[in-house]
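Asker: So the chains spell out like this:
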Amino acid sequence: MSSRMSRVTALVAGVGSLAAVAAGTAGTVGVAAATNAHAAKIGGSVSIWAEWTGAEQTQFEAVLKPFEKSTGITVNYAGKGSGTMDTALETAVKGGSPPDVALVPDPGTLDTLAKQHAIKPLGPVIGSESKNYAPAWNKLASVGGKLYGVWFKGANKNTVFYNPALFKAAGIKSPPTTWQQMITDATALRAAGTTPVSLCTDVGWPVADMWQNLYLKINGANDYNALAAHKISWESSTVTKTFDAMNQLVGQSSDLLGGTQGALASTYPECVDKVFPRAGSQPQAAMVIEADFVTTEILANSKKYHAGTTGKGGAACTTDVSKTPCYDLFAFPYPKGDQRNSAAIQGAGDVGMLLNSTPQAKALIKYLAAPQSAAIWAKLGGFASPNNKVPLSDYPDTVSQADAKQLVHAKAFVFSLDDLQGSWEKDLWNDMLADVKTPTAATVKSLQKTMQKQATQALGH
Amino acid sequence: MAELVADPRGTAGPRFRLPGLKNGKLASLAFLAPGAIWLLALVIYPIIATARYSLLNESATKFVGLDNYKAIFSTAAILTTFRNNAIWVIVFPFMVTVIGLIMAVLTERIRWSTAFKAVIVMPVVFSATTSALIFRTIFDIDPHVGAVNALIQTVGDWVHSPGAYPTSTTGQPVSALVASGVKVSGGGLISTGTVRSGQAVQLGMIGISPDTLALLHARPAARPAASSGAVNGVVWRDFSISHPSARGRIFSDEDGLPDLRISLVSASGASVSSATTNSRGQFTLATPKGGGPYRVSIDASNFSNPATGPVWLGTGSLTPTSGLSGTAQALLSVPLIDLAMIIAYLWMWSGFAMIIIGAGLAALNPEVLEAARTEGAREWQVFRRITVPMLSPVLIVVFVTMVINVLKVFDIILNMAPGSSQAGASTLALEMYNEGFSGGIHSGLSSAIAVILFLLVVPAMLFNLRRLRQ
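The listed protein sequences correspond, in order, to chains R and G. Here the first sequence is numbered in this note's numbering, starting from 1 and rising by one per residue. Here the second sequence is numbered in this note's numbering, starting from 1001 and rising by one per residue.
Rather than coming from a laboratory, the hints here were simulated on the basis of the structure. A portion of the hints provided could be inaccurate.
From the derived model, a few chain G residues whose C-beta atoms are all more than 10 Å from chain R [unchecked claim]:
(1) Arg1109
(2) Trp1112
(3) Ile1141
(4) Leu1216
(5) Gly1314
Chain G side only, calculated, beta carbon under 8 Å to chain R, not exhaustive [unchecked claim]:
(6) Thr1107
(7) Thr1170
(8) Gly1171
(9) Val1174
(10) Ile1208
(11) Thr1212
(12) Pro1288
(13) Gly1291
(14) Gly1292
(15) Gly1309
(16) Val1311
(17) Leu1313
(18) Thr1315
(19) Glu1370
(20) Ala1371
(21) Ala1423
Computed list of lysine-lysine pairs in DSS-like fashion (alpha-carbon distance at most 27 Å, straight line) [said to hold, decoys possible]:
(22) R:Lys453 x G:Lys1062
(23) R:Lys115 x G:Lys1062
(24) G:Lys1070 x R:Lys453
Beta carbons: idealized from backbone N, C-alpha and C, even for Gly.
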């Protein structure tokens, strides 16, 4: 467990340097390099596993297609499903028949496999393509000073999605930047007869995501990683402050759709549908606090949703989904008067690893490290790449650009804290739900005690 | 098996016979082997391996004794699953047997009984996932989605019709509607100042959505002129996009509130007259000339909510458990969602129970029933004293099979319980899966749960086997 922690610490700071590079790079550079790299027809086949199924699988297969065409290599992709990818891979490695290449959503798995010598160092394989990633990302994919992975896909949790039509109807001219402003805007929304927030609770992970964002914004990435590694006690004042801030929102029952009880019965993605419904329904709340993957759900509800604060063709945003509905995001707000951590971002990603060093597998991992593979998915939408050579203009709309921009402008990047808690992750989620249920100072105090006990028991320190 | 190979004429036997093995024992072994290997590899070995894993740590690298079992009985979240299993075992097998019996007896007496049976049995062929999704929709809290709550709302609204401005639309209390010139009074609103005959008032409210107004065909608000012999006024949505925080002034983009029931009350609290606002939110309340002072009241009935059904799939409990410790709650609460899921499961399995019991019913000796009827027994007596006792072997098999069935109930919970209620609705089988395969891999804990589940199923299984042998 402790190795996973140090991995996260490594991500702090340095991603910011991505910004300048990404902004100035044209897409053509990458394409030329790639064409040369795969000019030779290698033939044969390669197997690759990742978590993506369904629509994401289709998109990833579109990424693989040009590679197959230029190299003559047949790629056998298997989508293992989110939540089970790591298990499937570790089992396959134990059983002695791993795929040639695998993408996992967890740096901890990379760490484990590298120590088992189940994955190969990438330095000699991908060469200069490693420069497409900021040192922070590469450090996160390195074990013992050797690079073992390429961060093909990034996910950004530093987002709040809102329905621009409802913000406008409440007279809110621009989305909030501070947490306090968001609470004030919630009052304006209520005055206009709109419920401010459709809170996602589900089994607790969406609440944990929100809490972790708040912790990061209030206390910074160093404290965040220390808490993730349980080097800071759960009874520390940093935790109390975070709960207090969260309770400013969840403690105001009328800020939540359906009140506290309704909020506790919400599931993901239904909580998104309440803000961005399908045609025929009216939005019931103005904001939903979740990561960039919300976009996928919005567009699945209706293709009519237009990114930004104007509808299709510049028309005004409407609440009526059959007309010109819109969606937009704002960066997760920071505490008023304290911008230090406004560019610290919580997120996740998929890291590609080489398990068998066949020529085909080497060619594939090099392709995944190059910008043009990520650019293909960027154009398809629902994707953000940590690869700084992918031009922002390749992203299809203002929302995905803002999303990717946040990733490359990040001054610090941390992984989801709950995922690093091992066996007490689900307890942590339940604790978060317990606070939503009774958001009082007394609850916070007893919860902190409980969480400290749970963390100590599960992590052994 | 033994009888099968003991061939009296010995046509096949000798070919396999070896010295020292009489009566084709080797042949019988050879015939047994595929089945035995199959059984060993896929049943016996996994059982032993699981038992072994249950004594090892998370990554199966260290012997930890009974630690996993201790963890099971000291974790509230896992104790919850025992409680849920207990609720399922107590309620479901009994109900499904009773319903199956009733339907079996009744279908015997109707025309088109085969068609009727086919319809009842249909859910058996659906996958549990399909059934779970159907019932997740049926029990949805939103009456526009969930059929059960739609029924409750329809009946409730018929008994007591809701107001034009139900507070449930935005989930806010009446006090959140106060903007200018009004205050909360007895569940409704009342003017802050007093008014006399011949004067006009304006009452501002907020927290009303544009959708509600569009539905009521509201038009821009305007303050009416005063007229003698009446109190005139306007109730309007005191919220302007151009001036979001300005209260008490009527802007051109602010609408009146139609369909509000307004009354004029005297200082003693008696109602003097009443009226309903028009599409501009205006009203005229007749008064005796020179009367007053009065207050203008916006009745509580304007804000009364449509009837709402319970949150079937939430975390609510049928037994009061607030104030109890986590462990006590885990053991004592009876979640409403368990009831909803049991209903769904009954829908799935009653048809199956009906078919089995129906077959038993067909096998009964009709002469016994006939004899009872000739002796003058009424139908109920025949049912109670003859049919049920004679059917009891079948009923017990159905009952015990269903006990086993619900001990391992899994898919309906995984698919019917929304995420936030899943922990409270979880059963041993689901917990076993969650610990073992979903998220982190806790093979030790998961295996220990599997062993306990196995031990719970074994008695029921043995009982059923003995029954079948008889």
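Asker: Hold the hint about Leu1313 of chain G up to the distance rule: shortest CB distance to chain R must be less than 8 Å.
Answerer: OK, holds: Leu1313 of chain G within 8 Å of chain R, min 7 Å.
Asker: Does Thr1315 of chain G pass the interface check with chain R, least Cβ-Cβ distance below 8 Å?
Answerer: holds (6 Å)
Asker: Please verify that hint: Ala1423 of chain G, Cβ, nearest Cβ of chain R, below 8 Å or not.
Answerer: holds (6 Å)
Asker: Using 8 Å as the Cβ threshold, decide whether Gly1292 of chain G counts as touching chain R.
Answerer: violated (32 Å)
Asker: Against chain R, run the beta carbon of Gly1171 of chain G and see if the smallest gap drops under 8 Å.
Answerer: Holds, about 5 Å.
Asker: Would you settle whether the hint for Val1311 of chain G is holds or violated, based on the nearest Cβ-Cβ distance to chain R being less than 8 Å?
Answerer: Holds, about 5 Å.
Asker: So is Trp1112 of chain G really clear of chain R, every C-beta pair being over 10 Å apart?
Answerer: holds (39 Å)
Asker: Evaluate the condition: distance from the CB of Leu1216 of chain G to the nearest CB of chain R exceeds 10 Å.
Answerer: holds (13 Å)
Asker: So, Val1174 of chain G near chain R? Judge it on the closest CB pair being under 8 Å.
Answerer: Where the cut-off is 8 Å and the nearest Cβ of chain R is about 12 Å from Val1174 of chain G, the hint is violated.
Asker: Take the shortest C-beta to C-beta distance between Gly1309 of chain G and chain R; is it under 8 Å?
Answerer: Interface hint status for Gly1309 of chain G: violated (13 Å vs cutoff 8 Å).
Asker: Less than 8 Å between beta-carbons is the criterion; does Ile1208 of chain G satisfy it with respect to chain R?
Answerer: This hint holds: Ile1208 of chain G lies near chain R, its Cβ roughly 4 Å from the closest one there, short of 8 Å.
Asker: Identify whether the interface hint at Ala1371 of chain G stands, where standing means a beta carbon of chain R within less than 8 Å of its own.
Answerer: Hint on Ala1371 of chain G: violated, closest Cβ of chain R at ~57 Å, above 8 Å.
In this structure, the hints that do not hold are numbers 3, 5, 6, 9, 12, 13, 14, 15, 19, 20, in rising order.
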